[in-house]
Amino acid sequence: MTTVQERPPLGASEADLELLLLIRHFEQQLLELFAAGELSGTTHTCLGQEYIPVALRTLLRPDDFVFSNHRGHGHYLARFADPAGLLAEIMGREGAVCNGVGGSQHILRDGFLSTGVQGQSLPVAAGVALHLSRAEAGALAVAHIGDGTWGEGAVYEALNLAALWRLPLLVVAEHNGIAQSTPTELQLAGSVAGRAAAFGIEHARVTSQDLGEIRALLEPLLAAARSGPAPLVVEFVTHRLGPHSKGDDTRPAEVLAAAAEHDWYPAVQDERFRQADERIREQVAAVAREVAARPRSVWADRGCR
Amino acid sequence: MTARVVADLNAALHSVMAADEHLHLLGEDVADPYGGAFKATRGLSGAFPGRVRATPISEGAIVGAGAGLALAGGKAIVEIMFGDFIALAFDQIVSFAGRSVSMYGRRVPLHLVIRCPVGGGRGYGPTHSGSPQKHFVGVPGLSLFETSAFHDHTTLLRRMLSLGHPAILFEDKVLYGRRMHAHDTLFHRTGLGTLDPCARFTVEGAGRADCVLVAPGGVAERALAATRSVLLTDEITCEVLVPSRLYPFDLQPLLPVLAAAGRVCVVEESTAGGTWGSELAQQLHTALWDDLRAPVRLVHSADAVIAAAPHLEREVLVQDTDIARAVKEVTAG
Ligand SMILES: Cc1ncc(C[n+]2csc(CCOP(=O)(O)OP(=O)(O)O)c2C)c(N)n1
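Which chain is which? The protein sequence lines are A and B, in order.
In this text, residue positions in the first sequence follow my numbering: the first is 1, and each later residue adds one.
In this text, residue positions in the second sequence follow my numbering: the first is 1, and each later residue adds one.
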């Protein structure tokens, strides 16, 4: 007997599901490539957190500007669905979005920017929001940060500006309970909500992983931030399933098991999912084979002055 | 009489703001009626409402917001109230604005000017008298300029805003009250170079110089005073070059003049150690090894914090007497 589900699992449409799986398999592929010695440097996967950019995808407009961080592959793929360009960037191959200069953490493409210094993007996002509030009414600057990044002073300087100047700045706090190896209890006094409140900034806490529920909750809040305009902090209570970077997880087994309980992946197990899962796993593997065979990327225009 | 330096700078800010509706100006207390701690921004908030903003005391955020405006296709001028506080914006300047120009694998234009009142001589004490130029030398994607009474500010700001990468403008505070273009009539002034010309001061009627002094911004006046003194008391002839761009430094147009003298003093107010002058000296030794008759001489402030009491401050900061002594030593051999 198969159970008939009232509504699609995770409230995900076909496109959502494919995107979730694309990000999941992309990240797993990266860890495999690392294990096989195919990648240099480091990489931070968003395993377990894929649903956040996927949920936001339908709420964002093309003229919104997204600032991403070190854990940014999901944010990029949700925006561009371009695994080949991103993998080429990470592998330093032809067709790399930034010619292989930026690598995993430093990507710039049409209204999307990531950088590897925690908190640095918030003042810049405030500046972009200032531009948008004057030039593109209704557009948002969206900045993804982790819970650990709330330790950086730049965050508060930017929140103050955003509240004072009523900037359309959406801060997406991906609260996964850990910063590199340090649990939130050891690095964050008070709460994200309390800190937003201190600046008179609206705060919403998202505990669900159901895309439909998340979107229903956030849609009016984002609309208000756009029309205000006004800053908004959305805090996702989420879980990091994988290591911080390649293979540096020091969490005890029971903590890892508890995080895994929140994984959306085993929760979705209908036939449609299984088919898509297999297809996309193979698709990502094919992208990896194809990209790995490309010539090295060329940095032609390196002028910085 | 010519305008004071701060008035010329203010007129320049009005001019560049009027010329480009996408240009914003951000800084602490820059709005009227206050018009900035040194009044350089007077009248701008009224003339360009919405584009000139007084900000919270948040050096990192205002430089970052300026960079964001620039990233979004606009342009921004950011004022750091006292140049010392630029340390608080180091990450935004060095690791964001400077790097973003090239770290995405292609050139990303970023039109951002950071204005920094610097220097001592006014008794403001250790945290308000510094010359942080040296901390920004050699940062990829970043250019350094310095104002003087001999460089038109409108031309300078236009140039900096057209670079397409971030630039810092150091403004020696002692210059604000000086008159533009006014100098000791002992000297004849011309220009050297085309893109970022140095103001060149030679002694009227004197033959070949024994020594060339390279002295930007606020120390130019002290270099000229030292030049007068060594000429009158020791019959040593110097010429003085006042550059407007510190980094990257275009040595080429200066080489014939420097080679002819064979002796060079580089003067700066920065405290000793890892300075702009030592970078320049390295370039000079490489370019002029066969022509130099003595090692390039560095003249800078002592390796100390800048004291508040005038007599103690004088002990630390470069004085014209220090420059004169250096010239005598370098020309003695
Ligand atoms: C300014 C700065 N300090 C330290 C680091 C090194 N670092 C990279 S990620 C990270 C942890 C970030 O934690 P959090 O903000 O919670 O994001 P998460 O990794 O959990 O997604 C640290 C310390 C950095 N990149 N930038």
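Quick caveat, the hints were computed from the structure, so don't treat them as lab data.
Ideal Cβ placement from N, Cα and C applies to all residues, glycine included.
Any given hint could turn out to be false.
[As the list claims (entries may be wrong)] Some but not every residue of chain B turned toward chain A, in silico, with C-beta under 10 Å:
{"hint": "1", "residue": "S58"}
{"hint": "2", "residue": "G66"}
{"hint": "3", "residue": "R99"}
{"hint": "4", "residue": "S143"}
[What the hints assert, rightly or not] These stretches of chain B come out as covered by chain A in the derived footprint (C-beta under 8 Å, 3 or more residues):
{"hint": "5", "segment": "103-112"}
{"hint": "6", "segment": "144-152"}
{"hint": "7", "segment": "209-218"}
Verification of the hints:
no.	hint	verdict
1	S58	holds, 4 Å
2	G66	holds, 6 Å
3	R99	holds, 8 Å
4	S143	holds, 6 Å
5	103-112	holds (count 6)
6	144-152	violated (count 0)
7	209-218	violated (count 0)
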